[in-house]
Amino acid sequence: MNTVEITYYAMLKEQRGRASETVQTDAGDFNALYEELRATHGFRYPRERLKVARNDEFVSWDTPVRDGDRVAFIPPVAGGR
Amino acid sequence: MFALSDQPITEHPLLRDYTHDEAGALAVFEGRVRVKNQGRSVTQLEYEGAEALAQNEFVRIEKEALDRFDIVEVRCVHRVGLLKIGDVAVWIGVLAGHRGPAFDACRYIIDELKKRLPIWKKEYYTDGDSGWINAP
Numbered sequence: 001m002n003t004v005e006i007t008y009y010a011m012l013k014e015q016r017g018r019a020s021e022t023v024q025t026d027a028g029d030f031n032a033l034y035e036e037l038r039a040t041h042g043f044r045y046p047r048e049r050l051k052v053a054r055n056d057e058f059v060s061w062d063t064p065v066r067d068g069d070r071v072a073f074i075p076p077v078a079g080g081r
Numbered sequence: 082m083f084a085l086s087d088q089p090i091t092e093h094p095l096l097r098d099y100t101h102d103e104a105g106a107l108a109v110f111e112g113r114v115r116v117k118n119q120g121r122s123v124t125q126l127e128y129e130g131a132e133a134l135a136q137n138e139f140v141r142i143e144k145e146a147l148d149r150f151d152i153v154e155v156r157c158v159h160r161v162g163l164l165k166i167g168d169v170a171v172w173i174g175v176l177a178g179h180r181g182p183a184f185d186a187c188r189y190i191i192d193e194l195k196k197r198l199p200i201w202k203k204e205y206y207t208d209g210d211s212g213w214i215n216a217p
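Protein chains in written order, with this note's numbering: chain D, 1 to 81; chain B, 82 to 217.
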């Protein structure tokens, strides 16, 4: 069991109703962690629409979860043309 | 150099004393708040950013620009918080020896920044509605 700190931004923050939380998880990678949180909180985003960051750097979804990770799921950004 | 700021960009310290003896050109791009978006009238905008992640990702974009183009220095300031029509939302300034690379790098940086920086925009409309841009 790992303890991780999740930060939510923008649309995900509104869907979760808070900006951050500490979570205990058995998820092996960030893919599994997001699916676990999505099942719990009913996030509307499929994983394909998001990116994931650990300790302020983008990482791939199959990166193993480590104890103490600071994790952020990044919704689609503002963009523009 | 990159900064997120909740104060007017035009007064940000990064815009001042921006010179270099080797630089004969400064290309600047400003993104401003527009009244119409996709046919709807906007009253104000709110930007939110993931600061440390944005800072780290900008460093990568800056390095890419310095590798690709013959430029001297890059500075960028992006707003967070509430903005009104006409306010500057993002400012990019590229110093180079000559104007060609300065323009090219400036274009590269704004395009990459829009795709990659973790910054979100919420629009507030005249009809009282609001929404995050790119939300499904």
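No lab work stands behind these hints, which were simulated from the structure alone. Here a beta-carbon is modelled for each residue, glycine too, at the ideal position from N, C-alpha and C. Accuracy of the hints is not assured; some may be wrong.
Derived DSS-like pairs (lysine-lysine); straight-line CA-CA distance at most 27 Å [stated by the list, open to error]: (1) B:K144 with B:K196; (2) D:K51 with B:K203; (3) B:K117 with B:K196; (4) D:K51 with B:K196.
To give a feel for the contact side, a few chain B residues facing chain D, derived at Cβ under 10 Å [said to hold, decoys possible]: (5) V109; (6) G112; (7) K117; (8) R121; (9) A131; (10) E132; (11) L198; (12) I200; (13) K202; (14) K203; (15) T207; (16) D208; (17) G209; (18) W213; (19) N215.
Verification of the hints:
1. A distance of roughly 16 Å separates the Cα atoms of K144 of chain B and K196 of chain B; the hinted pair therefore holds under the 27 Å criterion.
2. The hinted pair formed by K51 of chain D and K203 of chain B meets the criterion: a straight-line CA distance of about 19 Å does not exceed 27 Å.
3. Taken as a hint, the K117 of chain B and K196 of chain B pair is honoured in the structure, with Cα atoms around 21 Å apart against an allowance of 27 Å.
4. Pair hint K51 of chain D plus K196 of chain B holds up; C-alpha atoms about 12 Å apart against a cutoff of 27 Å.
5. At a threshold of 10 Å, the smallest CB-CB gap from V109 of chain B to chain D is about 18 Å, leaving the interface hint violated.
6. Hint status for G112 of chain B relative to chain D: holds, with the closest Cβ pair at about 7 Å, below 10 Å.
7. With a least beta-carbon distance of about 13 Å to chain D, the hint placing K117 of chain B at the interface is violated under the 10 Å criterion.
8. For R121 of chain B, the interface hint is violated, since its Cβ never comes within 10 Å of a Cβ in chain D; the closest pair sits about 15 Å apart.
9. The interface hint given for A131 of chain B is met, as the beta carbon of that residue sits about 6 Å from the closest beta carbon of chain D, less than 10 Å.
10. Residue-level restraint check for E132 of chain B holds (minimum Cβ-Cβ distance to chain D is 9 Å; threshold 10 Å).
11. A least Cβ separation of about 7 Å between L198 of chain B and chain D falls short of the 10 Å threshold, and the interface hint therefore holds.
12. The interface hint given for I200 of chain B is met, as the beta carbon of that residue sits about 6 Å from the closest beta carbon of chain D, less than 10 Å.
13. For K202 of chain B, the interface hint holds, since its Cβ comes within 10 Å of a Cβ in chain D; the closest pair sits about 4 Å apart.
14. Interface restraint check: K203 of chain B against chain D, minimum CB-CB distance 7 Å, threshold 10 Å, status holds.
15. For T207 of chain B, the interface hint is violated, since its Cβ never comes within 10 Å of a Cβ in chain D; the closest pair sits about 20 Å apart.
16. Hint status for D208 of chain B: violated, given a least beta-carbon distance of 20 Å to chain D, over 10 Å.
17. Interface hint at G209 of chain B: violated, since its Cβ lies 17 Å from the closest Cβ of chain D, which is beyond the 10 Å cut-off.
18. This hint holds: W213 of chain B has a C-beta 5 Å from the nearest C-beta of chain D, less than the 10 Å allowed.
19. Here the hint on N215 of chain B is kept, as its CB sits about 4 Å from the closest CB of chain D, short of 10 Å.
Violation of the numbered hints given earlier is confined to hints 5, 7, 8, 15, 16 and 17; the remaining hints are satisfied by the structure.
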